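Converting from the sequence shown to this note's numbering requires adding 1 to each position, the first position being numbered 1.
One thing to keep in mind: the hints can contain errors.
[What the hints assert, rightly or not] Per label pair, the in silico range of CB-to-CB distance:
1. Phe98 <-> Glu425: 40 to 50 Å
2. Gly311 <-> Glu261: 18 to 28 Å
3. Pro152 <-> Ala35: 31 to 41 Å
4. Asn260 <-> Gly110: 35 to 45 Å
5. Ala109 <-> Leu430: 15 to 25 Å
6. Gly212 <-> Arg443: 11 to 21 Å
[As the list claims (entries may be wrong)] Below 20 Å or equal to it, Euclidean Cα-Cα: the simulated DMTMM-like pairs (lysine to aspartate or glutamate) are:
7. Lys376 <-> Glu341
8. Lys305 <-> Glu341
9. Lys209 <-> Asp272
10. Lys452 <-> Asp195
11. Lys345 <-> Asp96
12. Lys376 <-> Asp272
13. Lys452 <-> Glu382
14. Lys38 <-> Glu402
15. Lys376 <-> Asp276
16. Lys38 <-> Glu442
17. Lys38 <-> Glu321
18. Lys376 <-> Glu247
19. Lys227 <-> Asp272
20. Lys101 <-> Glu141
21. Lys312 <-> Asp276
22. Lys170 <-> Glu247
23. Lys209 <-> Glu144
24. Lys345 <-> Asp301
25. Lys181 <-> Asp168
Simulated from the structure, these hints should not be mistaken for laboratory data. It should be emphasised that the depicted structure is a prediction, and the values quoted were computed from it without experimental measurement. The beta carbon of each residue, even a glycine, is placed where N, CA and C say it ideally should be.
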Amino acid sequence: MPLTRREFLRHSAVASAALHAPTLLAQVAGQRPARDKSVSVLNPRTRVPVGFIIDDSTCLVNLNRFTMPQFDQAFGGANKTYHRNWREWPHEIPDSFVRKFGEWCADAGVKGKYSIVPYPACVGRLDRGLPGWTQRELNESLELVRTVMLPNWDIHPEMVTHSRVIDTKTGHPYPDHSLKFMENWEWTTGRSADEIADYLAYALRILKNVGLPCEGVTTPGGFGNKALPQLAQASLESVRDVFNAEIPHYFRHLYSEGNESVAPRVEYARDLETDNPRCVVSIIGCTGDWTGGWDNTPPDGVDKFISPDGKSGRMVDVIERGEPALALAHWTGIWWNGQELGFKVWQEVVRRLHARFDHLHWMKLSEGARYWAAKELTRIERTGNAIQFYAPFACPDFTIEFTVAVNAAPRFAAGAQTPVPLNETQRRLDLKSGLWHRAGERMTCCFNLPKGSSQLQLG
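Construct all of the structure, not just a fragment, from the sequences and the given hints.
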């Protein structure tokens, strides 16, 4: 079975990085504050973040049906991957399935990211109408995303079309049908951060026009693969500019095997102790597309995520090392031409995860980005029985651990406010904001970290 586009790019990126690491891995971490080594910032509530990243989704349009012939033309017919009988595939992924999927995930507690391609395969702009569907049908589809998906999912543009590159000055695709003007392949190579930011902003504005808020972006295929520093900077600038997002993030990378860290990477941090701190967070997936390929290839099955006994599988490996386990799927494979093969795989994955683990914490990508930004960019100082924090970004469920000799309940104060006692919990896994737990001399505290100054008093 051929690799999916993102798996192929992941493998090629790892191989290239070994040879060209200074070029491809040139994102700058930026500022990092002083941190008292006796205080550790743990995962939120001492749990392991998990999430589901869905690519290639949009309103109504069955994206693979329309992108397949465009990809085939870009390769001049030389790539057999794109010789599928796409004419037999349905034009539409119905909203009834979006509702079914979204409501099931909400009941199961699943959170993550759901792409909305703004101008899917050049069929039509979501803010101007989709040829083949009535305006009422499009409006109802957008409202479904707002009401069913938005509570538990970040919405990302997956560039503009997920196929041909749009001239942002004219709003039309470039006349060049080659790989050089396809979003998935070569267009970003050699482009400046400003050029890429202009393109991302074009996509973001379409979603803003239809009332879909965004704090991040997803790259289609190889978009930005050879312009990683520029992509990171462009994500930071465009998402801040269009949506005024405090902590922009982007999904470009995944590692479906091996020991490479899949924790979010906080990049280009600066101005941390000003009123306008800045950073961008790179979100990293940890699985391949094993729910059914974007092009309706058969699913690889549940076991690659997690085995029947819950003892092995890629998500198990990542969860057991305490890093965020973000699974990947493509919406077209989840629906799988109406057979819902990928959805069935994912339902079983979730069942096995919940049967095996009792310490998972489902999070949207924006929630994970905020937590990691606070984790890495909060200044922490300890003087006697007090721990001081200066946070450029507020963060719920901020969780720290440290050694303490005094036997007294900790008190937390934001700024100059009166300290408020935290409440003790006997079970570490029951931690949530406002609670603390003690095991011997180790104390773990969980609280809502405010932006700016705050203090934890221990005696």
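Phe98 paired with Glu425, Cβ distance criterion 40 to 50 Å: Hint holds: Cβ distance 46 Å, inside 40 to 50 Å.
Within 31 to 41 Å or not, the Cβ separation of Pro152 and Ala35? holds (38 Å)
Next pair to validate is Lys38 with Glu321; report whether the Cα-Cα distance is within 20 Å. violated (24 Å)
Under the criterion that the straight-line Cα-Cα distance not exceed 20 Å, is the pair Lys376, Glu247 satisfied? Holds. Lys376 to Glu247 sits at ~15 Å (cutoff 20 Å).
Run the distance test for Lys38 versus Glu442: straight-line Cα separation, threshold 20 Å. Within the cut-off at roughly 16 Å; holds.
Hint check: Lys305 vs Glu341, CA-CA at most 20 Å. Holds or violated? holds (18 Å)
Below or equal to 20 Å on CA atoms is what counts here, so check Lys38 against Glu402. holds (11 Å)
Return holds or violated for the Cβ distance of Gly212 and Arg443 against the range 11 to 21 Å. violated (47 Å)
Taken at face value, is the distance from the CA of Glu141 to the CA of Lys101 at most 20 Å? Within the cut-off at roughly 15 Å; holds.
Mind checking the alpha carbons of Lys452 and Glu382 for me, to see if they're no more than 20 Å apart? holds (16 Å)
Just to be careful, I want the Cα atoms of Lys452 and Asp195 compared with a cutoff of 20 Å; is the pair within it? violated (30 Å)
Given the hinted pair Lys209 and Asp272, is their alpha-carbon gap at most 20 Å? violated (27 Å)
Hints 4, 6, 7, 9, 10, 17, 19, 21 and 22, counting from the list given before, are not met by this structure.
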